[in-house]
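First to last, the protein sequences are chains A and B. In terms of the working numbering, the first sequence has 241 at position 241, counting the first letter as 1, and numbering is strictly consecutive. Position in the second sequence (first residue = 1) + 1000 = the working numbering.
Careful: at least some of the hints might be erroneous.
[What the hints assert, rightly or not] If the Cβ cut is set under 10 Å, some of the chain B residues that face chain A in the computed set are:
1. 1001
2. 1005
3. 1012
4. 1018
5. 1020
6. 1025
7. 1026
8. 1030
9. 1055
10. 1072
11. 1073
[Stated by the list, open to error] When the alpha-carbon atoms are kept at most 25 Å apart in a straight line, the in silico DSS-like pairs for lysine-lysine are as follows:
12. 1051(B) / 1002(B)
13. 250(A) / 1002(B)
14. 1003(B) / 1051(B)
15. 1051(B) / 44(A)
16. 1003(B) / 180(A)
17. 87(A) / 180(A)
18. 1046(B) / 1003(B)
19. 1002(B) / 44(A)
20. 150(A) / 91(A)
21. 180(A) / 1002(B)
22. 1025(B) / 1118(B)
23. 250(A) / 1003(B)
24. 1025(B) / 210(A)
25. 44(A) / 1118(B)
[To be verified] Far from chain A, some chain B residues (derived; all Cβ distances over 10 Å):
26. 1023
27. 1024
28. 1052
29. 1061
30. 1071
31. 1076
32. 1089
33. 1107
34. 1116
35. 1123
36. 1130
Derived by calculation from the structure, the hints in this document are not laboratory data. All C-beta atoms, glycine included, are put in the ideal place defined by N, C-alpha and C.
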Amino acid sequence: MTNKKKATALIRLAALSVLAVLFVYPIAVIFIKSFLYDGTFGLKQYWELFVTNFTYLDFFWNSVFYATVITLVCIVISVPLAFLFAKVRFKGRDGLFFMFILVMMLPFQATLLPNYIQLRNFNMLNTPLALTIPMMFSPFAVFLLRQFMKTIPNELIDYTLIETSSVLRMFRYAVLPQIKSALAALAILIFCESWNMVDQALIFSMNNDKIMPLSVVLGNVPEDVRYAGGVVYMFPIIMLFVMFRDTLTKTMESYRL
Amino acid sequence: MKKVIVIVMTLFCAVILIFTFFGEKIYYSIHPKVEIERVSMMIGDKPVIPKSAVYSDESGDYVYTLSSSEGFSMTIYTVHKTAVMVSPCDINFMQGDEYAYLESGLGFGEMIVVMSTKGLLDGCRVTILE
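Could you build all of it, start to finish, from the sequences and the hints given here?
Set out below in structure tokens:
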């Protein structure tokens, strides 16, 4: 390796290290400070969080419930829709898909008012349904799965359909095994998105604090236990990412997302 | 690496589950339960307080007053050691309860601890007996 190349590699490494430190620094600070309470090092802050502020965990379970339900239902809805757009030929398919993409491009705030009016008309405001139903329909999920399903050979689908004479079995044996990694990646992304919801909860559940997710309540946690609260909030997401990091990065790389 | 992550996740879930079910119970079991009363009785022109509320040490007589603050999960009650001056009161007018004249140290209507299930310390958190 020439000296010039070595220098370039070093500079790149230094720049990336600085960026990595910038990203890791806040998390490291929160983590370290969560073990400090009244100037002493230990688990007192966690004890105070879990015992004196025991309702904190109720909100934690609210978040777990919302994120899990949204992720599961979103996948169940998105798989057939994506299959429809990827493999079934019908009139207006491309126009309909274009509309899907259009909705995906819209920021959440743009659809907030229509969503609010709809939920109000269905008497769903201030209930857990208001925090889950709008997020169950994700154009992004449909888009992602469609990209994956397009790579499944039509012959495989036809053959399985003839062999099994059942659409459900065809899904099970021909489609799902091919998009397993995509489903895992999608589940993580949707779970993270639901775990971090703030605006929806604040708007759709204005008068019912008890059903709030942890992401909203985090700001109201007493200052002396805020760092421990932050760690408990971040922990599931970080662990999920660490556990499925390979699947996630491979999926993103293979489809250039 | 995966094994470590699984162990950490399992521990985390166990801690969360334990405190979800027992956090509130632990809070109420570790803090002393106290009975409180307002300084509101008068004999003649002097306020009286139950003798059971008055403690003594080398610095003199004191009572535990109660302060409250809105916590995240409930109202948090804290007791504070407050020095008082009391004088004997011979009148036992309520079913054997003994009272003492309050000379100084407390305001009228202030909350004081009259009974506690455990020993109290200045600044310790308590729960109120219903």
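Hint check results:
The criterion of a C-beta within 10 Å of any C-beta in chain A is met by residue 1001(B), whose closest approach is roughly 8 Å, and the hint holds. Interface restraint check for residue 1005(B): the shortest CB-CB distance to chain A comes to about 6 Å, inside 10 Å, so the restraint holds. Interface restraint check: residue 1012(B) against chain A, minimum CB-CB distance 6 Å, threshold 10 Å, status holds. For residue 1018(B), the suggested interface contact is upheld, since its CB lies about 8 Å from the closest CB of chain A, less than 10 Å.
With 10 Å as the threshold, the beta carbon of residue 1020(B) comes within range of chain A, its nearest partner Cβ sitting at about 5 Å, so the hint holds. Annotation: residue 1025(B) was flagged as interfacial toward chain A, and the flag holds, the nearest CB pair being 9 Å apart, inside 10 Å. For residue 1026(B), the interface hint holds, the least distance from its beta-carbon to any beta-carbon of chain A being 5 Å, beneath 10 Å. Interface restraint check for residue 1030(B): the shortest CB-CB distance to chain A comes to about 8 Å, inside 10 Å, so the restraint holds.
Among the interface hints, the one on residue 1055(B) is violated; its C-beta lies about 26 Å from the nearest C-beta in chain A, farther than the 10 Å criterion. At a threshold of 10 Å, the smallest CB-CB gap from residue 1072(B) to chain A is about 4 Å, leaving the interface hint in force. Satisfaction of the interface hint for residue 1073(B) is found here, the shortest Cβ-Cβ separation to chain A being roughly 4 Å, below the 10 Å cut-off. Pair hint residue 1051(B) plus residue 1002(B) does not hold up; C-alpha atoms about 64 Å apart against a cutoff of 25 Å.
Annotation: proposed proximity of residue 250(A) to residue 1002(B) holds, straight-line Cα distance about 18 Å (limit 25 Å). Annotation: proposed proximity of residue 1003(B) to residue 1051(B) is violated, straight-line Cα distance about 62 Å (limit 25 Å). Restraint check: the Cα-Cα separation between residue 1051(B) and residue 44(A) comes to about 37 Å, which exceeds 25 Å; the hinted pair is violated. A distance of roughly 23 Å separates the Cα atoms of residue 1003(B) and residue 180(A); the hinted pair therefore holds under the 25 Å criterion.
Among the hinted pairs, residue 87(A) with residue 180(A) is consistent with the structure: their alpha-carbon atoms are about 17 Å apart, no more than 25 Å. For the hint pairing residue 1046(B) with residue 1003(B), the CA-to-CA distance comes to about 72 Å; that exceeds 25 Å, so the pair is violated. For the hint pairing residue 1002(B) with residue 44(A), the CA-to-CA distance comes to about 29 Å; that exceeds 25 Å, so the pair is violated. The suggested pairing of residue 150(A) with residue 91(A) holds, with an alpha-carbon distance near 18 Å, which does not exceed 25 Å.
In summary, the hint linking residue 180(A) to residue 1002(B) is supported, as the alpha carbons are separated by about 20 Å, within the 25 Å threshold. Among the hinted pairs, residue 1025(B) with residue 1118(B) is consistent with the structure: their alpha-carbon atoms are about 17 Å apart, no more than 25 Å. The straight-line distance between the Cα atoms of residue 250(A) and residue 1003(B) is roughly 21 Å, inside the 25 Å bound, and the hint therefore holds. Pair hint residue 1025(B) plus residue 210(A) holds up; C-alpha atoms about 20 Å apart against a cutoff of 25 Å.
For the proposed pair residue 44(A) and residue 1118(B), the alpha carbon gap of about 22 Å is at most 25 Å, so the pair holds. At the 10 Å boundary, the C-beta of residue 1023(B) falls inside the reach of chain A, the nearest C-beta of that chain being 4 Å off. Listed as outside the interface, residue 1024(B) is inconsistent with that label: its C-beta sits roughly 5 Å from the nearest C-beta of chain A, within the 10 Å cut-off. No Cβ of chain A approaches the Cβ of residue 1052(B) within 10 Å, the least distance being about 28 Å, so the stated non-interface status holds.
Residue placement check: residue 1061(B) keeps its beta carbon more than 10 Å from all beta carbons of chain A (closest about 31 Å). The claim that residue 1071(B) lies off the interface is violated: its Cβ sits roughly 7 Å from the closest Cβ of chain A, which falls inside the 10 Å cut-off. The claim that residue 1076(B) is not at the interface with chain A is violated, since a C-beta of that chain comes within 10 Å of its own (minimum 7 Å). With 10 Å as the threshold on Cβ separation, the claim that residue 1089(B) sits away from chain A holds: the shortest Cβ distance comes to roughly 39 Å.
Every beta carbon of chain A lies more than 10 Å from that of residue 1107(B), the smallest distance being close to 28 Å; the non-interface claim holds. With a least beta-carbon separation of about 19 Å from chain A, residue 1116(B) lies farther than 10 Å from that chain, consistent with its non-interface assignment. With a cut of 10 Å on Cβ distances, residue 1123(B) stays outside the contact zone with chain A, its closest approach being about 12 Å. Chain A leaves residue 1130(B) outside its interface by the beta-carbon criterion, the shortest separation being 19 Å against a cut-off of 10 Å.
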